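Next come the chains, spelled out residue by residue.
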Amino acid sequence: MTEFARNQWYVAAYGHEVGRELLGRTILNEPVVFYRTEETGEVVALADRCVHRRYPLSAAPSRLDGDNLVCGYHGFTYGTSGTCVYVPGQKRIPRTARISSYPVVEQDSFVWVWIGAPDLADAAAIPRAPHMADPRWKTVSGMEPIDCDYGLLVDNLLDLSHETYLHGGYIGTPEVAETPISTEVDEGAGIVRVSRHMDDAACPPFYSRSTGIEGRITRWQDIEYHAPCLYLLHSRIAPVGVLPHADGTDPDAFHVEVTYAITPSTDKHVYDFWAVSRDFAQDDDEVTAFLHDNNHTVVMQDVTALNLLQQALDQESAGYQELSINIDTGGLAARRILARLAAGGGRPAPAAPAATPAATR
Amino acid sequence: MTEFARNQWYVAAYGHEVGRELLGRTILNEPVVFYRTEETGEVVALADRCVHRRYPLSAAPSRLDGDNLVCGYHGFTYGTSGTCVYVPGQKRIPRTARISSYPVVEQDSFVWVWIGAPDLADAAAIPRAPHMADPRWKTVSGMEPIDCDYGLLVDNLLDLSHETYLHGGYIGTPEVAETPISTEVDEGAGIVRVSRHMDDAACPPFYSRSTGIEGRITRWQDIEYHAPCLYLLHSRIAPVGVLPHADGTDPDAFHVEVTYAITPSTDKHVYDFWAVSRDFAQDDDEVTAFLHDNNHTVVMQDVTALNLLQQALDQESAGYQELSINIDTGGLAARRILARLAAGGGRPAPAAPAATPAATR
Amino acid sequence: MTEFARNQWYVAAYGHEVGRELLGRTILNEPVVFYRTEETGEVVALADRCVHRRYPLSAAPSRLDGDNLVCGYHGFTYGTSGTCVYVPGQKRIPRTARISSYPVVEQDSFVWVWIGAPDLADAAAIPRAPHMADPRWKTVSGMEPIDCDYGLLVDNLLDLSHETYLHGGYIGTPEVAETPISTEVDEGAGIVRVSRHMDDAACPPFYSRSTGIEGRITRWQDIEYHAPCLYLLHSRIAPVGVLPHADGTDPDAFHVEVTYAITPSTDKHVYDFWAVSRDFAQDDDEVTAFLHDNNHTVVMQDVTALNLLQQALDQESAGYQELSINIDTGGLAARRILARLAAGGGRPAPAAPAATPAATR
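Protein chains in written order, with this note's numbering: chain A, 657 to 1017; chain B, 657 to 1017; chain C, 657 to 1017.
Calculated from the structure, these hints are not laboratory results. None of these values were measured; they are calculated from a predicted model. The beta carbon of each residue, even a glycine, is placed where N, CA and C say it ideally should be. Possibly wrong hints are sitting among the right ones.
[Stated by the list, open to error] From chain C, some residues computed to sit far from chain B (all C-beta separations above 10 Å):
id : residue
1  : Y670
2  : P717
3  : S765
4  : P786
5  : P791
6  : V796
7  : H853
8  : P861
9  : A902
10 : T922
11 : R992
12 : A995
[To be verified] Taking CB as the label site, the calculated pair distances span:
id : chain 1 : residue 1 : chain 2 : residue 2 : range
13 : B       : Y976      : A       : H672      : 25 to 35 Å
14 : B       : Q971      : C       : M657      : 46 to 56 Å
15 : A       : H672      : B       : G1000     : 56 to 66 Å
Could you put together the complete structure from these sequences and hints?
This is the structure in structure tokens:
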């Protein structure tokens, strides 16, 4: 099992998922309930268990009373900081009647939560995905839970050679598996970069139908994994031979930012947040619907495969062997970094937040 | 997990559930099969496993042959005392071919069974619920299994402040949670009494629709829990200010006896027998149907909440904390008594069987 | 739990189940994938886990490419011997990139597989069921998985007294349970023979409707269990008093070979292969359909009972007792032999393959 790194930021939800209905999510084995305050709309994250008898505060008939959270079993009521403000049958509220509240930051359309030691929570350390909330980019997104160790999803996303096989006919073509990768690991910052530049490749339906390109393409995949949670795939598509200009602009290519947030829920359950942002045809609803549906299908192929893989691994005897090859360089680096983070190893905050990828077309 | 007290009587079924069809129930982790004899109609309780290969004797095609029980796998046949009277393929029946039979008492419409040491079974120690079989009371009843530790159901029933929240709109009003309780514990007899007398309370639909009272009420809740199994809630409803007469008669109030039998099945499975008996409108079928349906809904709210609560507790790490307050006094006393009974501590038989609550209206 | 005897042959499938679609079966806890080669139609049996990340090779989108097996996750590709012939992203194939291949023999319509040490696999040791592939016999067959220890199915088949109770109205009559058996055990060859000859018995529907016999019958049941996998029931049905001729021919009787192959899948999962072969009315489609449906019903009665029995045993405390009587002599002998085989005790190959039972009517 891949250990959890507790003192890290994780995506708990999209901002639009949190409102005046109670939302329960389990993050790093901790049940958490989310809601927004009535006046300011701030996101509140509290432990999802009543201090009295452990009833889930996100479950009906638990409910909001203004900004207070009322347990549906015996009515214990909590303020936004987790302090109990009412108990049944008596006036005095015990001093220990409080539940944990968790630091929360809304950024780039995500609700980030910090489960570890609260005094270590530094909002500046949250990696950025600015295209997610940038009007120059059109984004489709979703979330699928998978019944597997979150490490299997990290493996999956860091080795895109599987696109050729698992996602053939959608985003995979033979060139993805055939083209060697280059990998860069920034151990200090906890970032793994895996690049695969295909200069002359078939164009899979995902890109041909959304861009309108006919014929073969130049296809660049530049992965940037900010362990443990945020995964960015900078994808560049252009007709064969079309390159960025010397000044860095790239008006003749199509750019897609594929974003994943990988949030461990329990030991064998992971939230797979996925989004596809594009800098072209932003107002074309047909392209929007196509990319949403096509990527959802691709995600569900991963879900099916990883559910099955976890079941297979559960039947293995202890000490089963894997065989790693060149394509696994990025995934193995990610495992090393996750192990170090889980063991408590820190990492410096990013020197500067990443700039918004320019929507340059 | 709440330990089981083995040397105690438990309700296994309503009398009307046991007949010439085999009924299998698991009581304190022991599978038991019940049926009635043909001539006398006595209830027989035998171990629900064939001595040969452990096939369940309550499962088809096992069947009765007169008063004998025939195993559906190889035909081993048992008399009402559990002695084997037939085996296939040979005349000689091995001396050890017998299954356990359990002491059974039918009383107050219930079938009580004794799983512990048979020589300790004393029918006089069975607590009484005489209204259950008294024609002056009209009773509706049912049974719902719950996938939880039986201790969670004991907790639930001894702390009725949850009516306000979990059963709001049915039997709960704000006054239930607000009104302090008084608790009396008879450690020797293993009885916990919790009383809550509301002098001026809203009338919940359960009572307004069944009694016809309009306006606010005097509502008394007097719990009498005979650990481990029998729970009686003596409920008195009257218009505000209407009290019992000095001579003890109470002609202007409505009385409801709410009976529960809490029978541990397995470690995380409990049988929740419930009944509502009233001393008014006994012949009014509409009231009868209403009280049955309304209380069934209330029970199902408990079932849903306790199933969920058990799942939540199953995910807790060892040594999780609860916070108890005044409303929990009765429940904590019940836990203490159950722990003592489970550890083998006896209790004197009740000095005298409780008198039938007078149907005094 | 009944231990597995690894160095033995097991039926993995009927020959007709294996083709150009991948078939995954788990034998003795080992996942195996089966397919036929394109040219020769030989059956290939390989470990059903990719050497790279353990993805199941029998699961979509894994697929055949000619006679090579392509993993559906990252495209690792294996030849029929289990050697890896392609990996993504690089030319060099690691020396250790190979999966196990298992010895396979097709015989008597079955695909036999050897999970143990390959150098001990001796095809001559496979017990025979020649009627399964003999045109003089008409066979109906099927396979049902059961969620139980395979030892429970061995018990079941070696003690046919259960036909009277579990299969009454199909193949059971009172005489089966009443008639004593004789048992012969060939410990060296690992064969248990149990015979029950009923000279004057009721004819169950299974035989009356298929043979057309009216009135009482002579019914012989001669079991021949070749531990651990192959079970043959030689069944002879004739009008009362009709016996085989002195020269061994038996033209006036009806013969049915009932074949079972008992293949342990996991600790509590077994494949129950079943077949009914007859030497009469071979071309009568109505009889064929009747025998198929009737025996399928009988098998499903076993499935239901054994699923239930395993659940009952799972709830027993350790060291529960069984009571064995005369009818269990064969089953107990089988358990002894299985324990010896599991402990590694060998057994000589049969001196000579059994002759095809003559279709003598």
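> Broken hints, numbered, in rising order?
Replying inline: 14
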